[in-house]
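**Q** Assemble the complex: chain A is given as a structure, and chain B must be docked to it using the hints.
Given next are the chains, with one letter for each unit.
2 protein chains.
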Amino acid sequence: MKTTFRPLVLAAALTAVISTPTWALQPNNEPISPIPAAKVTNPAMVELGKKLWFDPRLSKSGFISCNSCHNLSMGGSDNLKTSIGHNWAEGPINSPTVLNSSMNVAQFWDGRAANLKEQAGGPIANPMEMAFTHELAVDMLNSIPGYQAEFKQVFKKDTINIDQVTDALAAFEETLVTPNSRFDKWLKGDQKALTKNELDGYKLFRDNGCVACHNGVAVGGNSFQRMGLVEPYKTDNPAEGRVAVTGADADRFNFKVPTLRNVELTYPYFHDGAADTLAEAVDTMGRIQLGKKFTPEENAKIVAFLKTLTGEQPQLTMPILPPSSDKTPRPEPFAKK
Amino acid sequence: MKTTFRPLVLAAALTAVISTPTWALQPNNEPISPIPAAKVTNPAMVELGKKLWFDPRLSKSGFISCNSCHNLSMGGSDNLKTSIGHNWAEGPINSPTVLNSSMNVAQFWDGRAANLKEQAGGPIANPMEMAFTHELAVDMLNSIPGYQAEFKQVFKKDTINIDQVTDALAAFEETLVTPNSRFDKWLKGDQKALTKNELDGYKLFRDNGCVACHNGVAVGGNSFQRMGLVEPYKTDNPAEGRVAVTGADADRFNFKVPTLRNVELTYPYFHDGAADTLAEAVDTMGRIQLGKKFTPEENAKIVAFLKTLTGEQPQLTMPILPPSSDKTPRPEPFAKK
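Protein sequences appear in the order of chains A and B.
Numbering follows full-length UniProt numbering, in which position 284 of the first sequence is assigned residue number 284; successive positions increment by one, without gaps.
Numbering follows full-length UniProt numbering, in which position 203 of the second sequence is assigned residue number 203; successive positions increment by one, without gaps.
Think of the hints as simulated: they come from the structure by calculation, not from any bench.
Take these hints with a grain of salt, some might be off.
Identical copies go unnamed one by one, so any copy, or any two together, can satisfy a pair.
[As the list claims (entries may be wrong)] Taking lysine-lysine and the DSS-like style, the derived pairs with C-alpha atoms no more than 25 angstroms apart in a straight line are:
hint, residue 1, residue 2
1, 152, 327
2, 152, 307
3, 51, 307
4, 336, 234
5, 307, 327
6, 203, 307
7, 203, 234
8, 327, 293
9, 117, 307
10, 327, 39
11, 117, 192
Chain A on its own, in the form it takes in the complex:
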C-alpha cells in the first residue's frame, strides 16, 4: 500500500474490519463479498408490502408513495439532491437507496432506525415527507375491503395496525437486492467479467483504502464514519449525522457509510447530494477521507470499477391497488393545514 493513512483513517479502517467478519471469508480474500439472491419466505406478505410500497394513499396528499423517493426504476432513489415532500417541501437530506438496504447496520443516514421495520413508519408520519399519521394511515387501510382481506390473510387478525404495515413494507424491502453484478461474477471466479481497466480501478479502490469503509456484501452500509476525516467537508447542509441519535460529540458528522452497490444509478452522492457525478464523488472522497489526490486516469479507473457494482435490478410487476370504498377518507392535497 502506497497511501499514507492518517491515524484517524487507520482507526476507522480497523473498526470496519472488526465489525465486518465477512472480510476474511471471501472466496478470493477480497474485502467485498457477493450479494446473495433474496430468499422469500412469506410471499403473501411480500406482495402486500409491495402494494403498500406503491400506495400514495399512505400520504396525506394521496400523491406520495414510498416509491416516490425510492424509485425502483431509478436505483431505488429519486436522483435528486434532496427529496420533494408534502406541499413540495424541500427535504433535509439525500434519499438513500432502498436497494440492498436490509444489509445496512441501521437505517437513515444517522442510523436512527435500527432496522427496516422501524424505518418504514418514519416517512409516513414526517410532515416534510408523506405528512400523514399512523392512525390516519391505518384508518384508511381498514376502510378498504381489498386491504382488509389481504391483511387478514397474511396476519390472521381482524384489524389492521401500523405494526402489520411496517412488517409488510420491511418484508417487501428485504427482497430488493441486486445480485449478479459484474463485480460479483468476478468475485465468484469469472475472470472475464471485468475489463483490465475495471480491475485496475478495483485495485486502486482497494489498495488506496476506500475499502476501509466500503466493504462487505453491500460495499458499505455497515458502519458510521466521519464525513471529512482528513479535510473538513464543506456543505450548507445542516445535518450533523450520528450525534443526533447518540448525543455524543464524537459522533458529530459521523454518517452511515452508504452502500456503493448500484452507485451508477443512485446519483447525486453524499448526504447532501452535492456530488452530481461519480468522478466528483471519487475525487472528493479521496481528498477528504484519504488525503489522496487521484489523477484523472486513476479517477476514471475507479469510476469504471464502481459501475461494475450495478446488479440485477428487481423485476417487479406493478401492483394493482385495491380501490377505496365509499367510507375511505379522501386525500387532501391542498388543505390549508
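**A** Here is chain B on its own, set in the frame of chain A:
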C-alpha cells in the same frame, strides 16, 4: 323504454347512435361492445414508451412522470379531485384515466388533442403539470446513452426529437386496454358472468338512457355532451369544456363523455372530481342529464353493474430507466423560476 326523454337528450342520443356504428353490431344487440385485447405491432417502441411513461426526468423537477397523475396501479388515474403539478400546483381539472384512452374520440376533457400522440406532448410543457419544455426534455434524453441507443434502434435516426417521444408514449398507451371485464364476458354470452342484481343494474342503465352517451367499446369517450342537460350542473370549477377549442357558444359546458370502463377504480368523478362515490355520480347524472331521480335500490343496482366494467388491468413490469450521464442536466425542483 319508460323514460321520458327531453328533446335535447334525445338529440344527444341520436348523435351518439349515429357516431357509434358499433351499436348495431353487437352479438346480442347491446349498445356496449367488448374491448378487444391490445395488439402490439412494435414491441420495441412500446417498451421505449413505457420507460418514458415512468421517467420523471421528463419534468422540470425530476419528480413528476406521466404515471404520477395516470397511475397504472390505480386505474390509470390519480384518484384526486384535480392533480398535483410542479411546485404543488393545484390542477384545473380531474385527470382522466389513460386506460382504454386510445378509444376516445379525442383527448383531454375538451378534446383539444386529436389523438394520444398529440396529447402526450401537453403535460410535459404545461407549467402547472410537468413544467418542462419539449426542447429541454429532448436535450435530456439525447444526453443519456441508454436512451440514445434505444431510440436509434426504434426510429433509425441519430438524434432524438419530440416527435419520437410522443410516438413512443402513444404506442405504449395504446397497449393500456382492459379486456375481459365480467360485463364483457356477459356480452360474449357467459350468462353466469353477472348476478341478477348486476344485470338489473345494466337494464336500468340501458333503459333509462345512460347508454345514450355511455355506449360503444369504452362505454363513453366517443362524443362530447353538455354537462347539465336537464338541470344546470353547479360547480366552482371554471372549466367550460369544448367551447375552449371550437369557440362556439353551443359548445359551452360540453365535455367529452368519460369512459365508464374501470369506473370503480377512477374515482372521484366528473371533470371537477366533485363526486366522491359511484352512488353520488349516478344520482347526479340521473338528475342533471336525464331528469330522473333513481331510488336508492335503483342506484345500488346501477352501481353494482358499473363495477362489472372493471377489466383486466395491464400487467406491467416496472422499467429500469437508463441512468443519466455526467452531461445530463440535473433537475431543479426548488429553483425559483
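**Q** Are the hints correct? Go through all of them and say.
**A** Now for the hints, and whether the structure bears them out:
1. 152 with 327: within (19 angstroms within a copy, 50 angstroms between copies)
2. 152 with 307: between (43 angstroms within a copy, 24 angstroms between copies)
3. 51 with 307: Between copies, since 21 angstroms is at most 25 angstroms while 31 angstroms is not.
4. 336 with 234: between (37 angstroms within a copy, 24 angstroms between copies)
5. 307 with 327: Only across copies: residue 307 and residue 327 sit 17 angstroms apart there, 49 angstroms inside one copy, limit 25 angstroms.
6. 203 with 307: within (14 angstroms within a copy, 61 angstroms between copies)
7. 203 with 234: neither (28 angstroms within a copy, 71 angstroms between copies)
8. 327 with 293: between (62 angstroms within a copy, 23 angstroms between copies)
9. 117 with 307: So residue 117 and residue 307 fail the 25 angstroms test inside a copy (30 angstroms) and across (36 angstroms) alike.
10. 327 with 39: Neither way: residue 327 and residue 39 sit 38 angstroms apart in one copy and 38 angstroms across, limit 25 angstroms.
11. 117 with 192: Result: close neither inside a copy nor across copies, 39 angstroms intra and 45 angstroms inter.
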